[in-house]
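If you use this note's numbering, the sequence shown closes out at 174, no skipped numbers anywhere.
A few of these clues could be false.
Unchecked claim - Taking lysine-lysine and the DSBU-like style, the derived pairs with C-alpha atoms no more than 35 Å apart in a straight line are:
1. K107 with K87
2. K111 with K57
3. K138 with K78
4. K57 with K138
Bear in mind the hints are in silico, worked out from the structure with no lab data behind them.
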Amino acid sequence: MPKLTVKPSLQAYAETRAQEVVNKFSHIRPNGKRTAYEENIGLNSVQVSNTPKEAAKVLLDEFIYHDQASNWAHRKSLLSKANKTIGVGFAFEAKPGMATQGNKYPDYLGDRIAVDLQTH
55 MPKLTVKPSL QAYAETRAQE VVNKFSHIRP NGKRTAYEEN IGLNSVQVSN TPKEAAKVLL
115 DEFIYHDQAS NWAHRKSLLS KANKTIGVGF AFEAKPGMAT QGNKYPDYLG DRIAVDLQTH
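Given these sequences and hints, build the entire structure.
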């Protein structure tokens with residue numbers, strides 16, 4: 055995996071994007087424009103007892119090891135040697151049991167991750 059440097063402005067952007075995709079899961083921003091960076095977004099449900107770090111690890115593992123549904127696009131993006139900087143944002147749904155992919159489970163909390171990458 056290439057060594058990536060956290061860029062504060064990209065980190066802030068990813069945190070904003072994670073909050074945005076809680077409301078609408080899309081690479082299109084609320085203003086109707088595409089994201090400004092190469093982006094990987096994911097959603098999942100984690101047990102309420104999971105920490106944000108544990109939940110993020112689950113989603114990143116999905117991107118790297120179980121990404122066949124997207125033709126390995128997330129994996130290719132994250133492992134690309136062209137990328138130099140990264141920002142990772144993570145957000146939870148407001149309360150447990152909210153609909154995530156049409157399911158409602160009171161012991162699970164929907165989460166979103168946004169990973170934004172730059173080549174410089």
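Q: Decide if the proposed pair is consistent with the structure: K138 and K78, CA atoms, cutoff 35 Å inclusive.
A: Measuring from Cα to Cα gives roughly 28 Å; hence the hint holds.
Q | Pair hint K111 and K57, alpha-carbon separation not exceeding 35 Å | A | holds, 18 Å
Q. Regarding the pair K107 and K87, is the alpha-carbon distance no greater than 35 Å?
A. holds, 30 Å
Q) Taking 35 Å as the top limit, are the C-alpha atoms of K57 and K138 close enough? A) Satisfied, since the Cα-Cα distance of roughly 7 Å is no more than 35 Å.
In summary, this structure violates none of the numbered hints.
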